[in-house]
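Listed in order, the protein sequences are those of chains A and B. Under the working numbering, read the first sequence as residues 233 to 544, first letter to last. Under the working numbering, read the second sequence as residues 146 to 579, first letter to last.
Everything labelled a hint here was simulated from the structure, so no lab data went into it. A few of these clues could be false.
Unchecked claim - Simulated coverage check for chain B against chain A, where a stretch passes if three residues somewhere in it have a Cβ under 8 Å from a Cβ of chain A:
| no. | region |
| --- | --- |
| 1 | 302 to 308 |
| 2 | 386 to 399 |
| 3 | 468 to 474 |
| 4 | 508 to 521 |
| 5 | 531 to 537 |
Claimed, not checked - Label-pair distances were calculated between CB atoms; the ranges are:
| no. | chain 1 | residue 1 | chain 2 | residue 2 | range |
| --- | --- | --- | --- | --- | --- |
| 6 | B | Tyr279 | A | Leu329 | 42 to 52 Å |
| 7 | B | Ile505 | A | Glu479 | 44 to 54 Å |
| 8 | B | Ile316 | A | Ser488 | 51 to 61 Å |
The model shown is predicted, which means the values in this text are computed figures rather than measured ones. The beta-carbon is built from N, C-alpha and C at its ideal position, and this holds for glycine as well.
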Amino acid sequence: MSAAITRRQALKGIVGVGGTVIGALATSAGADEHPAHPVAPPDAVSMLYDNTICTGCKACMVACSEANDLPPDTALSGGLWHMPLDLNSKTKNIIKLYEEPDGTDFAYVKRQCMHCLDPACVTGCPFGALKKSRFGAVTWNGSLCIGCRYCEVACPFDVPKFEWDHWNPKIVKCEFCFDQRLEQNQQPACTGVCPTGAVIFGKRMDLLAKAKERIAASPNKYFEQRVYGEHEAGGTQVLYLSCVAFEKIGLPKLGSTSLGHYATKVTSVIYKWFSGPILVAGLLGVAIKRNWDRHEAERPEVEKQTGLPEQL
Amino acid sequence: MSMSSTPDTTGTTLINHWQRGVPVFREPVVTPRLLFFAALAALGLSLALVRFFSPLGPFSGMNDVYAWGIWKTFNVMTLTALGSGPLAVGMAAWVFNRQKLHVVMRTALVSGFLFYATGLVALGFDVGRAWNFYSVVLPWRWNAESAMLEICICMPLYCAVFLAFENLPLIVERFYYTGTDATKAFLHLCAPTVRRIYPFVIIGAYVLPMMHQSALGGLLLLAGEKIHPLWQTPFLPLLYLLAAVLCGLGFVTFLLLIACLRYLRALDLGVLEELGNLLSIVCFLFLAVRFGDLVWRGQLHSAFALDKWSVLFLIETALILIPAVALRSRAVRETPRTLLNMATLACLGGMFYRFIPTTIAFTPARNASYFPALPEVLMTVGYIALGIVTFGLAVKYFAVLPGEIGEWNYMFRLVRGRRAAARPEGETQWPASL
């Protein structure tokens, strides 16, 4: 049997594929849909939350529930009022209190979807139920969602929530009041109702500039002299200023590279024009054809010897 | 087939025992053990049916932080690696021309199909809005950059079309021997067509699992820093694919040994030795990429920090390193007991690698934990039991397990003798267990 060629050739083939992939990687490093550090489009809207101004009145939570038709989460209040512990399937927006262990200091934080510039949930969503809509709002379309919950696994801020107690479960997350208000040229319910201006609405570039002005004006007020959300996970459209460390109020320490970029930088090259799979199929085809033809050529002889039809 | 198995070297220690697939015909189809597994499968599937009309909450320990439970992380992410035998053994046989391995392909194909099919059933009852899955045939809805989309399309397609086609010959074969003359004539007519398209189908049958087995690792990339740096790496897709090949080879070896012991089949150590050899090579390849990646990312120190994660990593690595080294010895490969032990270790190591980053090393900075709820476990066990029952039936109804040609001929003589009165003399008949 002349078996010696194929193994070596197939190995050569694999080396060839590897070389091609590396070559393609090297040449196409520029143009991609997920830049490591995405730039906000000019129409990107934003909220800026400053916990040195917030009084923790929770008016934004009530306004949010009202605008989004959310039922109250009354598990902790004995059925009396909306009292969630965290973002959940009945809560798209929450004010939480952080207290230093020794009780010397405290800070509020408002949590809702961060509306990332390059959201991991949108990159992962198989049928585009989650998408980056106009103004950069990340919205959810129930008629496209299969309930795989990949968005929950992907989101670095733990924002999307799943209705575990519904037979027809929805993904619940802040959508920037997109349908109800943003599309009607109104600002979201939470920023609209905030009595102190702790959370304000505007264009991202304006609010980013404003946040930096506030830091410049009174640097000692802010624990880290920077704006959370400017660079985190490639940048978010919700921006934060805080008097305590961001990590203490539950905003995770993240790199500045977008997760979409990290997750697709290799595969987007391999799957470009489907070239990787086609190339592998071609190489396999050459080896399989050779071995198949040899197999078929030897078959009649073997079948004659054994007196039995060959089994595939 | 005989040319592809070990040359007959009777008189030495190697005897060519595996020449073609032969059904298990010396014992009854229904055994207490089969009924036990059938009961487990029935329980799991009944729960799954109830689950379809009920929310996910009461059926699982999942929560918003650990949104994926064992149906995804074990039944799919881990067990389809064991079901990658058709990829691993098929590639070895048809691409790398290891002709000896053709005879064990059917064992790989049937077990692989069952792992995939039960995994897909598990997925069907795991997703919350399964009725929207029809989007999979509407390309304008596809989010082409999503690894989840790749899996949504590729896994069902592979299982329902490619694996099913590869499993077709052994079903057709049974119809050929049991059918009427008209059936036989029809099958004679179809056979050349099947043979003509077969080599093209197997190209797809290797490209598709390469794509979705790597995409399973690709899924975890988006989880980013939630996964411990010992496991979170851009090499996840490649490592997941290598682990699939590793588990595929390991599990086929394991299954052949276990099934042949159970059904008192002679072992063909020439074929098993070849599987052990390939398994060792793939183990080394996996470890080379695993450690190369750790060095490249500068994470080697955390592998030996001897904290919780490091210990987990070292156990996982040892489970793969031990068989890799041991199986370099021909004596180990040719001793059924040691080969079984090493194949088991390799399977466990591969399964550890596939499971750990999805759940144990998945540690978002939140106060949350996940442990599967009882119905969740019963459903997982049910899906596995369904696979075991189907495999137990398949080896008796179809020519799956490899055996000797003498055994095949004996099977027909036995049946002819037993049914002499009812059957015209000379007609071949399928086994008595039917």
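query: Which hints from the list above does the structure break, by number from lowest to highest?
result: Per hint list: 1, 2, 3, 5 and 7 violated.
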